[in-house]
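For the protein sequence lines, the chains are A and B, in the order given.
Position one of the first sequence corresponds to residue 0 (numbering that gives the first Met the number 0), numbered consecutively onward.
Position one of the second sequence corresponds to residue 0 (numbering that gives the first Met the number 0), numbered consecutively onward.
Hints may be right or wrong, so weigh each one.
Claimed, not checked - Here are the simulated lysine-lysine pairs, PhoX-like style, with alpha carbons at most 25 Å apart:
#1 B:Lys225 - B:Lys3
#2 B:Lys197 - B:Lys160
#3 B:Lys64 - B:Lys118
#4 B:Lys64 - B:Lys250
#5 A:Lys226 - A:Lys214
#6 A:Lys304 - B:Lys156
#7 B:Lys160 - A:Lys304
#8 A:Lys179 - B:Lys250
#9 B:Lys156 - A:Lys308
#10 B:Lys224 - B:Lys3
#11 A:Lys179 - A:Lys230
#12 A:Lys226 - A:Lys212
#13 A:Lys176 - B:Lys250
#14 B:Lys160 - A:Lys302
#15 A:Lys105 - A:Lys286
#16 B:Lys197 - B:Lys224
#17 A:Lys230 - A:Lys155
#18 A:Lys302 - B:Lys134
#19 B:Lys156 - A:Lys307
#20 B:Lys156 - A:Lys302
#21 A:Lys252 - A:Lys226
#22 B:Lys160 - A:Lys286
#23 B:Lys118 - B:Lys224
#24 A:Lys155 - A:Lys214
#25 A:Lys22 - A:Lys212
#26 A:Lys105 - A:Lys278
#27 A:Lys103 - A:Lys286
#28 B:Lys64 - B:Lys224
#29 B:Lys128 - B:Lys118
#30 A:Lys286 - B:Lys156
#31 A:Lys31 - A:Lys214
Calculated from the structure, these hints are not laboratory results.
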Amino acid sequence: MHNEHSDAHFQSRIDSGEHIEAKDYMPEGYRKHLIRQMSQHAHSEVIGMQPEGNWITRAPSLRAKQILLAKIQDEGGHGLYLYSAVETLGVSRAELIEQLQSGKAKYSSIFNYPALNWADIGAIGWLVDGAAIVNQVSLQRTSYGPYSRAMVRICKEESFHQRQGYEIMTTMMRGTKDQKAMAQDAMNRWWWPALMMFGPHDSDSPRSSDAVKWKIKRETNDELRQKFIDKTIPQAELIGLTIPDKNFKLDEKTGHYTLSPINWDEFHRVIAGHGPCNKQRLEHHIKYHEQGAWVREAAEAYKIKHSKKELQTV
Amino acid sequence: MTTKEATYNYVIRLGDNALILGHRLSELCSRGPILEEDLALTNIALDMIGRAQALLKYAAELEGKANTEDDIAYRRAEINYHNYLITEQPNGDFANVIARQLFISVYEYLFFSELENSKDETLSAIAKKAIKEVKYHKQHAIDWTLRLGDGTAESHKRLQKALNDLWMYTGELFEMDNIDTYLLHQHIAVDAMALKTKWQSEIDRILTEATLSVPEDTYMQTGSKKGIHTENLGHILSEMQYLQRAYPDAKW
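One chain only, chain A, in its complex shape (with noise of 0.2 Å):
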């Protein structure tokens, strides 16, 4: 029998395709990847509610403005969730703030690209959310508990997002031409990023082996992009909008699209802080979190007075 607080049972419980929970043993690497993993998708929803602010108060239609404004406040909820489903973890949330704003902790890298036209606000939810569901549907059966139930609740509504997203770019692609440039535009500048938030290619993935031994990760990088660009191509014809790659090509063969090369100095550059956007997201992010320092010390002292005085009173 095995030690219930030895790798070699845990390991086992993963294999026979167990959920962990909190409170069970876990070896320090697994509990540290899933800090890692699960916080950049926490940090990852909070800073993409800024890209997709941009455009509230600028919304072309009341109704518009409302799906934007809905949507923004699921993706703060998401970050809520999963804040708390890192913390069951052990590390609390005004940690993991700081560890997101000394840098130490990463979001996705997509989000430090601009939101220029409003066709953007359909590219986002169309092919940003749109590569976030391939990669969270797939996370519905990661092993750690919490994240996985995290991720049934998320995937709901990120479907919903995309639809929205699609919906946008369709709409402008049977729109005027001013429309149709500003969505081919849009779709250009998204298309690549949208590729690389899979991350790189398996054969240079250093914790791949790790998260895929441990099922935290159930299938790679290039399996879950290829599955992304295999759905997204015919939604992109069919509305008539320009895949921005001279090469891909439908492999007869294996029934999949192949591409050009993804130019992966782009993707380090940009997580390495040179995206146009990475300091103003992170600047942004801070600078609200210290002017409301006042705020939070005022909830807590209140909070501590009141306490008090209840106390007395029993």
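Guided by the hints, dock chain B onto chain A, whose structure is given.
Same frame as chain A, but now just chain B:
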């Protein structure tokens, strides 16, 4: 003035209040002091824009010119906007946002509780929905008024300043012009002036509990019923209406 014309104007005013306050609140997205508050403010903004859409849609029907609610929201100039001046005031700090929310939500709770009884069925239905939402907006504003008022010396000072600064815009909430009076006699509109005593006593009670002072009476700013605004509205509209104005033939 026919009842229909008067109702159109009345509905526009209510719709504009919701739209412009919703716009201001939506500016706060990703700028809250904590994530929970970001969600709460976005949620209130969403309620406001939803209410604006329902009201402006009704205004478009009353107008009878085949305009949509979006035409009304996105193609009108400042002078034809009739939101209360308080709704267009800049967000400022969180204390200012809360002070504005407190004054407006306490008012709106009283207002929609009366409008629910309107003889105009559409307005009554919109009021019924609004009350449910405003109940939450009001509780949110009261909770934060208490926390900030009775929190730290800094939060107390900031909120007191915000309350004092916004006080001069609260007089407008209780004004009645000939449109209001005409519709009041037909049991369509609310007697806003009659809400003042209740509003004042509720604000007094909340501020006292929050260890804050009720601002001293001052000259009350006015103008929205005539389309005379503060300088803020022009900037809100130039941002909000940008796409519709720049691409007038486009459908979104």
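Structure-based check of all given hints:
1. As the CA atoms of B:Lys225 and B:Lys3 are separated by approximately 19 Å, the hinted pair is consistent with the 25 Å bound.
2. A C-alpha spacing of about 23 Å is found between B:Lys197 and B:Lys160, which places the hinted pair at or below 25 Å, so the restraint holds.
3. The hinted pair formed by B:Lys64 and B:Lys118 meets the criterion: a straight-line CA distance of about 24 Å does not exceed 25 Å.
4. The straight-line distance between the Cα atoms of B:Lys64 and B:Lys250 is roughly 18 Å, inside the 25 Å bound, and the hint therefore holds.
5. Restraint check for A:Lys226 and A:Lys214: the C-alpha separation of about 19 Å stays at or below 25 Å, so the hint holds.
6. Between A:Lys304 and B:Lys156 the alpha-carbon distance is near 18 Å, which keeps this suggested pair within the 25 Å criterion.
7. Proposed proximity of B:Lys160 and A:Lys304 is supported: the alpha carbons are some 23 Å apart, at most 25 Å.
8. A distance of roughly 12 Å separates the Cα atoms of A:Lys179 and B:Lys250; the hinted pair therefore holds under the 25 Å criterion.
9. Of the pairs offered as hints, the one joining B:Lys156 and A:Lys308 holds, with about 23 Å between alpha carbons and a cut-off of 25 Å not exceeded.
10. Between B:Lys224 and B:Lys3 the CA atoms are separated by roughly 18 Å; this keeps the pair inside 25 Å, and the hint holds.
11. Taking the CA atoms of A:Lys179 and A:Lys230, the gap is about 22 Å. The hint holds against a cut of 25 Å.
12. For the hint pairing A:Lys226 with A:Lys212, the CA-to-CA distance comes to about 22 Å; that is within 25 Å, so the pair holds.
13. Of the pairs offered as hints, the one joining A:Lys176 and B:Lys250 holds, with about 12 Å between alpha carbons and a cut-off of 25 Å not exceeded.
14. For the given pair, B:Lys160 sits about 23 Å from A:Lys302 by alpha-carbon distance, which is consistent with the 25 Å threshold.
15. The hinted pair formed by A:Lys105 and A:Lys286 meets the criterion: a straight-line CA distance of about 18 Å does not exceed 25 Å.
16. For a cut-off of 25 Å, the pair hint linking B:Lys197 to B:Lys224 stands: about 23 Å separates their Cα positions.
17. At most 25 Å may separate the alpha-carbon atoms for a hinted pair to count; A:Lys230 and A:Lys155 meet this at roughly 18 Å.
18. Between the alpha carbons of A:Lys302 and B:Lys134 the distance comes to roughly 23 Å, so the proposed pair stays at or under 25 Å and holds.
19. Taking the CA atoms of B:Lys156 and A:Lys307, the gap is near 23 Å; set against the 25 Å cutoff, the hint holds.
20. Restraint check: the Cα-Cα separation between B:Lys156 and A:Lys302 comes to about 18 Å, which is no more than 25 Å; the hinted pair holds.
21. This hinted pair checks out: A:Lys252 and A:Lys226 have alpha carbons roughly 16 Å apart, not beyond 25 Å.
22. With a C-alpha separation of about 22 Å, the suggested pair B:Lys160 and A:Lys286 falls inside the 25 Å cut-off, and the hint holds.
23. The straight-line distance between the Cα atoms of B:Lys118 and B:Lys224 is roughly 23 Å, inside the 25 Å bound, and the hint therefore holds.
24. Taking the CA atoms of A:Lys155 and A:Lys214, the gap is near 22 Å; set against the 25 Å cutoff, the hint holds.
25. This hinted pair checks out: A:Lys22 and A:Lys212 have alpha carbons roughly 21 Å apart, not beyond 25 Å.
26. Restraint check: the Cα-Cα separation between A:Lys105 and A:Lys278 comes to about 13 Å, which is no more than 25 Å; the hinted pair holds.
27. Of the supplied pair hints, the one linking A:Lys103 and A:Lys286 holds, its CA atoms being roughly 18 Å apart against a limit of 25 Å.
28. For the suggested pair B:Lys64 and B:Lys224, the alpha carbons sit about 23 Å apart, so the restraint of at most 25 Å is met.
29. For the hint linking B:Lys128 to B:Lys118, the alpha-carbon distance of about 16 Å falls within 25 Å, and the restraint holds.
30. Under the criterion of a C-alpha separation no larger than 25 Å, the hint pairing A:Lys286 with B:Lys156 is consistent with the structure, at around 21 Å.
31. Using a Cα cut-off of 25 Å, the hinted pair A:Lys31 and A:Lys214 holds, with the two alpha carbons roughly 14 Å apart.
Taken one by one, the earlier hints all hold for this structure without exception.
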